[in-house]
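Engineer: Okay, here's what each chain looks like letter by letter:
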Amino acid sequence: MTRLDADTGAMPSGSLKAFAELLDRLVLTPSRNGKLRLIATYLADTPDPDRGIALAILAGELSLKAVKANLFRTLAEEHIDPILFRLSYDYVGDLAETVSLVWPQKADNAGSLGLADCVARLEALTRAEAPAVVADLLDRLNPAGRWALIKLATGGLRIGISARLTKQALALYGGKDVAEIEELWHGLKIPYGDLFAWLEGGEKPKNTIIAGFSPVMLSHPLDAALLSNLDLRDYQAEWKWDGIRVQAVGQQGVARLYSRSGEDISGAFPDVVEAIDFDAVIDGELLARVPKTGRTGTFSDLQQRLNRKTVSSTLLAKYPVMVRAYDLLRLDGEDLRERPLSERRERLDTFIANLDSDRFDISPALEIPDAAALSALRANPPEPPIEGVMLKRRDAPYVAGRPKGQWWKWKRDPFNVDAVLMYAQRGHGKRSGIYSDFTFGVWQDGETGLQLVPVGKAYFGFTDAELAELDRFVRNNTVERYGPVRSVRAEPQHGLVLEIAFEGLNRSKRHRSGVAMRFPRISRIRWDKKPIEADRIGALEILLD
Amino acid sequence: MRASELLTVTDSGLYCPPGGFYIDPDRPVDRALVTHGHADHARSGHAHVMATQQTLDIMKIRYGAGFAGAEQAASYGNDLNVGGVHVKFVPAGHILGAAQIVLEFEGVRIVVSGDYKRAPDPTCEPFEPVPCDIFITEATFGLPVFSHPPVVEEIGKLTTSVTDFPERTHVIGAYSLGKAQRLIALLRDNGHDAPIFVHGALERLNAYYVSQGIELGDIRLVANSSAEEMRGAVVIAPPSALGDRWMRRFDDPLPGFASGWMQIRARRRQRGVELPLTLSDHIDWPDLTATISEIGPGEVWVTHGREEATVRWCELNGIKAQPLSLLGFEDEAE
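Chains as they are written, first to last, in the working numbering: chain A, 1 to 545; chain B, 1001 to 1334.
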């Protein structure tokens, strides 16, 4: 990104401009590998401390709310007629972008402003000096840089990549295992000088954090054929809970809750964190609890609590959560990860018995005399938040990552629904030029009789040959085009029925149908069915409770 | 004579009553003066066409030999007389052969700019400002948000991406006439010597540009090349080809689009491209306002695009201005 010759581009590598261009390219690059490489290349080309600031922004560790968006409008209108500004804003539709584009270009020094320098000035900003400082920063940038500055200063930067992806880019850049980076992460400080030094061949930073994260152990998928090769006596069986994997950590009075990729999610779950009054590391599943009954709720209930930075007391009372523990990694300063599961499990049993049972209980071990019993349990789970069964080797130590032959997951069969293809969108990369993202709907009673309402989107599950047939159907049955999207004929007697397999259903206010599918994919193309034979919304609604 | 009597807006486009001719009419007429070869300006079926030799050649390539009853070539800067009106063709800097048309009659001078730009373009003569009473300007990008970045920066984005993703074929959508050849020429100026592969729709126009002395370097047809040969190369195609089955011949293509609209983020997402290049053959806002100031016309008439903002700017700067309601269309592929 920074390889223009000095006489042509003049882009100092640590500039806000270079960072803005990275953001622009990340947004438009659909493939995960492409994003990883863009970030890794940027980190390689950018000096300290600018790359460290960039990393903090990408990983969501640094966000500013230094300035209100309206200040930028006021500043812009000092340079431009309000009517011209309004016409511009009407066309562009985004205030930050409009200001970034109409701001008068000072050609001589555009692009020279460093990212770290810029963030430092924004962090130190007082209200009185804000207009002058911000105007000066805008003067020293190009449009892409101004856009990034405004989004950054107002806390409105949406990058659309996960913290985990950022850590994977670091792993790629330094040739390290991502687990090592996750373990260190919370002990590191912006701008991560010691981290970069290690990634470039220097010494590994010491992990000094209290109540840090331990990278988690993951399982491999199991099926009936693989199962027949296992001696079940060597394994402990458990339910596979349908919540989110968490790690509850207490150490020297510090309590934290982490996601499976090591993100600190303590802020969203104060009810659980409050109950971490021990010195231990528990691996388990975060589940919703139905108030007063002690029963666990559905994933849909749990969703009310996800993706929040903070949480209101109303929400805490209405949707309480708990941790169902299945492993113990550390207890009173003793690292148990090298011990076999059977021993860790015994210690966990005793330990959990002394905790607040509203917040912590144990994932029970299941009796499985033979493979048939396991299949039966998997097919008929007793409670809603179960999505299958787990097998774990009794003699296995706790190993970060996905070691072979230790832990197995066997998910319940997916749900199926017959839906009607409504829209198709062109894919990217190897699929560019092919309609490969499909939006489908089911029937619902509307004001004018039966209407299709979209319930999901799927872009895999089919073979290359089936994709070619789907693509042909879309091209031959297009009704309207909107950019890369086409709507297709979807009438009671003419259209395409798709059998959709999915893992579960959540309530959703964002979807017109009121439901959102988890992991939908196309399991079969029903060329033999007419759209009117597809399912009604009722077939999905009964799955919600 | 009043200017509105020298040039009026009709259903067929701009008409000059004293000279008895139209400029860029959008339906067949008896006598047409054509500014340049893009399809919304140059149509087939007129009885008489006057244009630069290059515009006439381009029309012949696109429409076939019988594109007009009779044709007359106008050289840049030559003084001509059409039905008693003094006419002159002056370079517009838009594409090869593009001209502004200067009309003069009974002491009134009108400049019809057609489409024009001031940004560097190795494939055509640069725009020449002509002092006049009435300046008729396009306003495709007539909003303060359109300040097109330096050309060298945009070309740099493409060459950097080729370096960063050497296994992906960079397929760039570019308008077949003008934009495609300019993009190739700019790449060559920037030191990109590798073969450039092109869609069949560009073949004849490329050959014509080369015959006019414009160096395009090693150009090969996509149809004659394997996916292997094109890996890591730049491919140039008409924008519509990017959504077409045609794209399937490439291994993991990286789609791009060279257009003035790519400056706006929503437009990039809408196009679904990974590499937007802001490269326009139309005038952007800073150049538009600077050109009006430089020419200093008594009055500005604004055609296709965002007339409202351009007229507003003229009013703020004490220049009389009005929108001309010409039937044009949004130039999406620009």
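Any given hint might turn out to be false.
[Stated by the list, open to error] Covered stretches of chain A, going by a simulated chain B footprint (3 or more residues, C-beta under 8 Å):
{"id": "1", "stretch": "31 to 43"}
{"id": "2", "stretch": "80 to 90"}
{"id": "3", "stretch": "93 to 99"}
{"id": "4", "stretch": "200 to 206"}
[Claimed, not checked] Here's a subset of chain B near chain A, in silico, CB distances under 8 Å, partners left out:
{"id": "5", "residue": "Asp1252"}
{"id": "6", "residue": "Glu1274"}
{"id": "7", "residue": "Val1311"}
{"id": "8", "residue": "Trp1313"}
Hints were generated in silico from the structure; no laboratory data involved. Source: prediction; values computed, not measured. A virtual CB, placed ideally from N, CA and C, is assigned to each residue, including glycine.
Engineer: Just to make sure I understand the rule, a stretch counts as covered if three or more of its residues have a C-beta closer than 8 Å to a C-beta of the chain. Does the stretch 31 to 43 of chain A meet that for chain B?
Structural biologist: holds (count 4)
Engineer: Three residues or more, CB to CB closer than 8 Å: is that satisfied between the stretch 200 to 206 of chain A and chain B?
Structural biologist: violated (count 0)
Engineer: For the hint on Glu1274/B, just tell me whether its beta-carbon gets within less than 8 Å of chain A.
Structural biologist: Holds, because the Cβ-Cβ distance from Glu1274/B to chain A comes to roughly 5 Å (cut-off 8 Å).
Engineer: Quick one, is the Val1311/B hint okay against chain A at 8 Å, beta carbons?
Structural biologist: Nearest chain A Cβ about 11 Å off; hint violated.
Engineer: With a Cβ-Cβ cutoff of 8 Å, does the stretch 93 to 99 of chain A contain at least three residues near chain B?
Structural biologist: Per the Cβ count (4), the hint holds.
Engineer: Would the stated hint for Trp1313/B survive a check requiring a Cβ distance to chain A of less than 8 Å?
Structural biologist: 7 Å, holds
Engineer: Tell me if chain B covers the stretch 80 to 90 of chain A under the three-residue, 8 Å CB rule, please?
Structural biologist: Held - the stretch 80 to 90 of chain A has 7 residues with a Cβ nearer than 8 Å to chain B, which meets the minimum of three.
Engineer: Do the numbers back the hint for Asp1252/B, that is, is its least Cβ distance to chain A under 8 Å?
Structural biologist: Where the cut-off is 8 Å and the nearest Cβ of chain A is about 5 Å from Asp1252/B, the hint holds.
Hint violations for this structure: numbers 4, 7, all remaining hints satisfied.
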